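J.: Construct the entire structure; sequences and hints are all you get.
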Amino acid sequence: MSSVASTGSEPAGTPPPAPASQGRWSTGGLGALRQVLLLKEGSIIVVTAITIAYFAITTKHFFTVSSFKDLLPYFAPYAITAAGQVWVMINGEIDLSIGGTYLISPFIFWKFTEAGLPLIPAMLLALLVCAAVGVINGFFVSVVGISSFVTTLGTLFALSGLSLVISSSTQINTPGVTILGGGTFETIFGGGTYSELFWALGIVIILQIALSRTRWGVYTVAVGGNRLGAKEAGINEKANIIRNFALCALLAGFTGLLDAVRVGNVAPDPSTSNEFLFQAISAAVIGGTLLVGGYGTVVGALIGALFLGVIYDGLIFKSVSSNYEFLYVGLAILIAMTINIYIARIRTRSGLG
Numbered sequence: 030m031s032s033v034a035s036t037g038s039e040p041a042g043t044p045p046p047a048p049a050s051q052g053r054w055s056t057g058g059l060g061a062l063r064q065v066l067l068l069k070e071g072s073i074i075v076v077t078a079i080t081i082a083y084f085a086i087t088t089k090h091f092f093t094v095s096s097f098k099d100l101l102p103y104f105a106p107y108a109i110t111a112a113g114q115v116w117v118m119i120n121g122e123i124d125l126s127i128g129g130t131y132l133i134s135p136f137i138f139w140k141f142t143e144a145g146l147p148l149i150p151a152m153l154l155a156l157l158v159c160a161a162v163g164v165i166n167g168f169f170v171s172v173v174g175i176s177s178f179v180t181t182l183g184t185l186f187a188l189s190g191l192s193l194v195i196s197s198s199t200q201i202n203t204p205g206v207t208i209l210g211g212g213t214f215e216t217i218f219g220g221g222t223y224s225e226l227f228w229a230l231g232i233v234i235i236l237q238i239a240l241s242r243t244r245w246g247v248y249t250v251a252v253g254g255n256r257l258g259a260k261e262a263g264i265n266e267k268a269n270i271i272r273n274f275a276l277c278a279l280l281a282g283f284t285g286l287l288d289a290v291r292v293g294n295v296a297p298d299p300s301t302s303n304e305f306l307f308q309a310i311s312a313a314v315i316g317g318t319l320l321v322g323g324y325g326t327v328v329g330a331l332i333g334a335l336f337l338g339v340i341y342d343g344l345i346f347k348s349v350s351s352n353y354e355f356l357y358v359g360l361a362i363l364i365a366m367t368i369n370i371y372i373a374r375i376r377t378r379s380g381l382g
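Residue 30 is where the sequence shown starts when you use this note's numbering, and the numbers rise one by one after that.
Errors might be hidden in some of the hints.
Straight-line C-alpha distance at most 20 Å; calculated SDA-like pairs for lysine to any residue [stated by the list, open to error]: (1) K347 x I86; (2) K347 x A85; (3) K267 x F169; (4) K140 x L157; (5) K89 x I79; (6) K347 x I81; (7) K260 x S176; (8) K98 x F84; (9) K267 x A161; (10) K98 x A82; (11) K140 x F214; (12) K89 x D99; (13) K347 x A361; (14) K98 x F227; (15) K267 x I165; (16) K98 x L226; (17) K267 x R244; (18) K347 x K140; (19) K267 x G323; (20) K140 x S196.
Distance ranges between label pairs, derived from CB positions [to be verified]: (21) A262 x S300: 22 to 30 Å; (22) I368 x V164: 32 to 40 Å; (23) A82 x E261: 46 to 54 Å; (24) S300 x E261: 38 to 46 Å; (25) F168 x V349: 41 to 49 Å.
Think of the hints as simulated: they come from the structure by calculation, not from any bench.
Treat the numbers as computed from the prediction; the structure is a model and nothing was measured.
The C-beta atom is built at its ideal place from N, Cα and C for all residues, glycine as well.
T.: The following block contains the structure:
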């Protein structure tokens, strides 16, 4: 038997096999694209990058600091609330009451300050009330057994009506906001140029780490993927669902307070809260969170919110009539989700996960 056969080595002159990294996903641009697509958020990153590139090419002054500042109100608030919505949706549930919680939290805060409480304690108590709303939602869903869609829809209507009652259907000035601006409270909690952005990034980072690295996050995914199996594994699925509804309501209420401080006043307008509700849920879904539960990413919700913000800001720069705004946004969402799904299929077929 020849030495080749006995040693298992290749004959002299035979080229070595190509490394696994070579091929159509080799180094360079395709290699970088491969690394992006390997991420859970890879699809929406590509879609958002394409959208930004489109507006940057077709619109003057879109890629500027002033444009970014204009983008923040269309992006950061949705990212904060969508981050909480992701946890509920991973459970296989949905929280429609975030619109009502977003609307009522500034009025609760206002009532506490009217009672003589300082700003920070009043804000903390208002957020505690919002979290209690989430606990109530979670109780009716997990313990009583009512559909989360029905439960939170009822809560949405109740909170919207309660906002009108508390405010006597009149606009109020946000406590802690000065005429000249620049107060410490105001600057930190929404009044600063980048205040909401910093809050959004901090909350997303913390919740993404919690989702992927803590028992709370692992249990959330387990409950959403197989509720019966999670229960048999010893996970308290009811407590997990209640906790996630409380988190979602807390963040929605906090977003309402940030926006109220940024604007300086708030009106009990249910149409505004309903629009906010659908934008936040859209950000979570566009970011890759499944409506059926078991899968989701907080960072994806952040990028989904960025995508929506870019669309709104870009349409403003292109001087699109407000009559066409929702039409174009709706079409953009459908196109984005189509591209998102298509890229995800490419990733699966290419063995990228």
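J.: Can you name, in rising order, the numbers of the hints this structure does not satisfy?
T.: Result: hints 18, 21 break, sorted rising.
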